[in-house]
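*Asks:* Line order of the protein sequences matches chains A and B.
Under our numbering, the first residue of the first sequence is numbered 1, with each subsequent residue one higher.
Under our numbering, the first residue of the second sequence is numbered 1001, with each subsequent residue one higher.
None of these hints come from the bench; they were simulated from the model.
Some hints could be false.
[Stated by the list, open to error] Each computed DMTMM-like pair below joins lysine to aspartate or glutamate, with the alpha-carbon atoms no more than 20 Å apart:
hint, chain 1, residue 1, chain 2, residue 2
1, A, Lys-127, A, Asp-211
2, A, Lys-176, A, Asp-165
3, B, Lys-1187, B, Glu-1158
4, A, Lys-322, A, Asp-211
5, B, Lys-1144, B, Asp-1114
6, A, Lys-210, B, Glu-1102
7, B, Lys-1248, B, Asp-1201
8, A, Lys-210, B, Asp-1114
9, B, Lys-1144, B, Glu-1191
10, B, Lys-1125, A, Asp-211
11, A, Lys-127, B, Glu-1070
12, B, Lys-1144, B, Glu-1134
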Amino acid sequence: MNETMTMAAASAAPTQRAAGARRAQLPILALVCAVTALLPLVMQDVYLQNVLILTLMYAALSQSWNILAGYCGQISLGHALYFGVGAYAASFLFAGYGITPWLGLLVGAVLSAGLALVLGYVCFGLKGHYFAIATMVIAEIGLLLVHNSELFGAALGIHWPLGADSWSSMQFARTKLPYIYLALALFVLTWLATYAIEGSRWGFWWRAIKDDPEAAESLGVEVFRSKMAAAAVSAFFTAAGGAFYAAYVAYVDPESVMSFRFSLLFALPAVLGGIGTLWGPAVGALILIPITELTRSYVGGSGSGLDLIIYGGLIMIVALVKPEGLLSLVRPGGAKA
Amino acid sequence: MRHEGINSGMSPNASTATPLLAVRGLTTAYRGLIAVSDVSIDVDQGEIVVVAGANGAGKSTLLKSVAGLERARSGAITFFGERIEAMPGHVITERGLAYVPENRRLFPGLSVSDNLRLGSYLYRKRADREAPLERVFSLFPRLKERLQQRAGTLSGGEQQMLAIGRALMTRPRLLMLDEPSQGIMPKLVDEIFAAVQSIRDTGVTILLVEQRLAESLEIANRAYVLQTGRLILSGTAAEVRDNPDVRKAYLGI
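Same shape as in the complex, but just chain A:
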């Protein structure tokens, strides 16, 4: 009897401790939110506000990518496709039919999740590099299809009609403040989704699949369905980010929302900050996105590629020195026992 009690205690203790460490993440999120929300009061420069919006947006998008790649271990290099689906769904519905981008965002996200299930059904038989290459090729096919479709404006894309500033149309020409809060909301939602997944049975399964799919299967984990679920959630949030971006720049064309460059930009912050971690994508985005924007404005032109060279260098350093990402530097406990 007594022995049973201690065993029950021993088995309960670890879960409680882990839950405590997890709950400590929520105040950090609250702090990040507070700082970000107050930042525009002191930072009124429009250019810097643009950098802030993009940083938040890429933090959210990289988090979405991280859900599939970091937690479930399925490295996708084709997330630009889902981004494009979201961006085009919102633009097409708003410019063509005057439907509010809020609905467009939802439609795009659901379409994108459905598309991820279809593609996952085809691709999840592939392992490792083959899967990554397949996602890349499929995204390129998507880009070509949109490029050649008159319905979506082909190479010219879709311009959002000019109108008065309003929340219902997600259009604000006079101030960037609403976009800061929208981007922040996007980031918080993807973060909270990841947080919830991390503590759930699904989160456990995904990490097991990442470590060793065959061993996971032998323990009763439904590997295929788990991967499908991770892909759908990841695509859903990526498309939501795409719809936001389209509303923000009020214009989409194939290259500006679906090029391979985006697939890279979603992956790199997570890799730099710490793949498969809650804060990795945000930390990575906080470093990478300002670098991109600064080099762009100093060197001029968006096609110079200098930022990508810097990225490449940073990633190489991280891969050599700290493969777990920068976050493992501040949490040595996470790297070792």
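Please build the complex by placing chain B on the supplied structure of chain A, with the hints as guidance.
*Replies:* Here is chain B on its own, set in the frame of chain A:
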């Protein structure tokens, strides 16, 4: 519908009619080569059955085929009266057939307690999930001491204990072990073999693949010997031990 698992209390050697596991004419290819060819084996309720053979004899492929991780080209696998050769691995696990793969295959980044939890996530009710934990701790007290440690930091023997413990968390009727003694210090090998026996004594049938034939025959009821994918010998543990070819080829006598 889930089975009752290790608490079902079925007595060993109870069955005489149909075997718990029946493999008939199994042929499986591994990476395009036929690794198991027309193999038939039976495992009765409450037995420890050993499958022996040299490297590349097809032992692991046989277990993987039964576990649903490799697809059979032909043949039938019946477990507890149900055909399972076409079922996906996770469904087979739900039916009560657990598999501990070669080289343990733990989740090295997860803690010992999380590795164990993963085995029990088959069950929706918390009580069902935690019930086997006590049994695992009493079999392997070391695991209880190391609950918070990452699985990757355990010694080889402890990792094997964790792999077996993790499989027991699924509450199997039949436990298949692939080379549990591999890469483990001799003292712990005895401990593992003793644990296998006591797992059997709680009503879990064992199908064991081992290179250490002498030790495994000591705890086994029956044995099969594979050579280049084919079954060349089968019999009781004593019969196999006394077979002149086995003595020469595997026991070094």
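*Asks:* Confirm or reject each hint.
*Replies:* Here is what the structure says about each hint:
no.	hint	verdict
1	Lys-127(A) / Asp-211(A)	holds (13 Å)
2	Lys-176(A) / Asp-165(A)	holds (11 Å)
3	Lys-1187(B) / Glu-1158(B)	holds (12 Å)
4	Lys-322(A) / Asp-211(A)	holds (19 Å)
5	Lys-1144(B) / Asp-1114(B)	holds (12 Å)
6	Lys-210(A) / Glu-1102(B)	holds (18 Å)
7	Lys-1248(B) / Asp-1201(B)	violated (32 Å)
8	Lys-210(A) / Asp-1114(B)	holds (14 Å)
9	Lys-1144(B) / Glu-1191(B)	holds (16 Å)
10	Lys-1125(B) / Asp-211(A)	violated (26 Å)
11	Lys-127(A) / Glu-1070(B)	holds (16 Å)
12	Lys-1144(B) / Glu-1134(B)	holds (9 Å)
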